[in-house]
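Top to bottom, those sequences are chains A and B.
Under my numbering, the first residue of the first sequence is numbered 1, with each subsequent residue one higher.
Under my numbering, the first residue of the second sequence is numbered 1, with each subsequent residue one higher.
Read the hints as simulated data drawn from the structure, not as lab findings.
Every value quoted in this text rests on a predicted model; they were computed, and no experiment measured them.
One should not assume that every hint holds.
[Stated by the list, open to error] Subject to a maximum C-alpha distance of 30 Å in a straight line, what follows is the list of computed DSSO-like cross-link-like pairs (lysine-lysine):
| # | chain 1 | residue 1 | chain 2 | residue 2 |
| --- | --- | --- | --- | --- |
| 1 | B | K120 | B | K9 |
| 2 | B | K9 | A | K98 |
| 3 | A | K76 | A | K89 |
| 4 | A | K88 | B | K96 |
| 5 | B | K132 | A | K76 |
| 6 | A | K76 | A | K44 |
| 7 | A | K88 | A | K44 |
| 8 | B | K120 | A | K44 |
| 9 | A | K89 | B | K9 |
| 10 | A | K89 | B | K8 |
| 11 | A | K76 | A | K98 |
| 12 | A | K89 | A | K4 |
| 13 | B | K16 | A | K76 |
| 14 | A | K44 | B | K125 |
| 15 | A | K89 | B | K101 |
| 16 | B | K58 | B | K120 |
| 17 | A | K88 | B | K125 |
| 18 | B | K53 | A | K76 |
| 19 | B | K53 | B | K9 |
| 20 | A | K4 | A | K44 |
| 21 | B | K125 | B | K16 |
[Unchecked claim] So these bits of chain A aren't anywhere near chain B, every CB distance computed over 12 Å:
| # | residue |
| --- | --- |
| 22 | E32 |
| 23 | A34 |
| 24 | R53 |
| 25 | I67 |
Think of the CB as a built atom: it goes at the ideal place given N, C-alpha and C, for glycine as much as any other residue.
Residues per chain, in single letters:
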Amino acid sequence: MAQKIYAGVTVDVNEEGYFTNPSQWTKEIAVEIAKEVGIVLTDKHFAIMEFLRNRYNSGDALSIRSINHSGVIDVKTFYQLFPGAPLKKATKIAGIPKPASCV
Amino acid sequence: METLNPIKKVNIICSKGSIEDVYAALIMANGAVMEGIETNLFFTFFGLDAIVKNRMDKLHTAVVGNPALRLPGGLRMPTLLGIIPGMESLTSWMMKGQMDKLDVPPVSEFLDLITAGGGKVFACKMTVDMFKMTMEDFCEHVSGIITVGEFYEHAAGEGSHIIFT
C-alpha cells in the first residue's frame, strides 16, 4: 500500500491515489488533492463531497444519477465543478474509494 | 490509469429499439461522458424510438425469438410463452425494475445525464425521412437530424472511435 503526505499528514492511498482509509481525510487534505488536479475548492465542492462521503459511509453505490437526486447540486453543475471525469475526481478529493458502478 | 493512446472521442450508433440495445448504447455513452471523453450518440432505424418523445420511456424487450431470455430462477423462457398477451410488457417492466435497482435511470433521465455532461445526441436523416418524422417528434436532447456524411464529420479527429450497437 502506498502513502502520501497531504497538509503535513501521512495518508494511505492505493496505486491510483484513492484513499484506502477515508477516516484519515480532512478538509485541508482535500484542498491539497484538488490542487493536484487543478481544482480550487468552493463551498459547493465541499457540499457535494459531504454528500458523497455520507453515501459511501452508509454503503450506497455512488452513481452519476445519485448526484442528480442529491438535492445538493444538479449533474450539469457537477460536471462544471469537477471538469473531465467528475465522479472519479470528486471521490479522489473526498478521500473515498473509486466508485465501482458503471453508471 | 495512464495510457499512451487515450480514447478522446466516441461516436456511438444505436440502430435497434429494444431495451437492451438502447441501454447498451446509453451506458457506453454515459460512461464515456463520465470519463471526460467527448461523446456523440447517433440514433438510426428502430433505435430512433429511444429519442421519440412519447416512446422513449416505453421500450420493450423481445420475448419471442430471444433465445437468451430466462425466467426468474434461470430456466429458459419457451418461445411459446412469449406469445401470451402481456408477456412482453411484463418482461420489459421487470427488466426496467432490475435496472432501476442498479441506479440505471429511465431513457429520458439517462439522456438528461448524458447531455448535462456535454454528450451530443443526433437522429439519422435517412431514417427520419423514411419514418416521416420531424424534429417535433423528438425529445429536447436531440441537437440535430444529420446525414451519414455529417456524422463522419462529427466523428473526425485523432483518438476518435465509432461504436455500432
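Against the structure, the hints come out as follows:
| no. | hint | in the structure |
| --- | --- | --- |
| 1 | B/K120 to B/K9 | 11 Å, holds |
| 2 | B/K9 to A/K98 | 23 Å, holds |
| 3 | A/K76 to A/K89 | 15 Å, holds |
| 4 | A/K88 to B/K96 | 27 Å, holds |
| 5 | B/K132 to A/K76 | 33 Å, violated |
| 6 | A/K76 to A/K44 | 13 Å, holds |
| 7 | A/K88 to A/K44 | 17 Å, holds |
| 8 | B/K120 to A/K44 | 26 Å, holds |
| 9 | A/K89 to B/K9 | 20 Å, holds |
| 10 | A/K89 to B/K8 | 18 Å, holds |
| 11 | A/K76 to A/K98 | 21 Å, holds |
| 12 | A/K89 to A/K4 | 17 Å, holds |
| 13 | B/K16 to A/K76 | 28 Å, holds |
| 14 | A/K44 to B/K125 | 42 Å, violated |
| 15 | A/K89 to B/K101 | 25 Å, holds |
| 16 | B/K58 to B/K120 | 22 Å, holds |
| 17 | A/K88 to B/K125 | 36 Å, violated |
| 18 | B/K53 to A/K76 | 22 Å, holds |
| 19 | B/K53 to B/K9 | 27 Å, holds |
| 20 | A/K4 to A/K44 | 26 Å, holds |
| 21 | B/K125 to B/K16 | 16 Å, holds |
| 22 | E32 | 21 Å, holds |
| 23 | A34 | 16 Å, holds |
| 24 | R53 | 18 Å, holds |
| 25 | I67 | 9 Å, violated |
The earlier numbered hints that this structure contradicts are 5, 14, 17 and 25.
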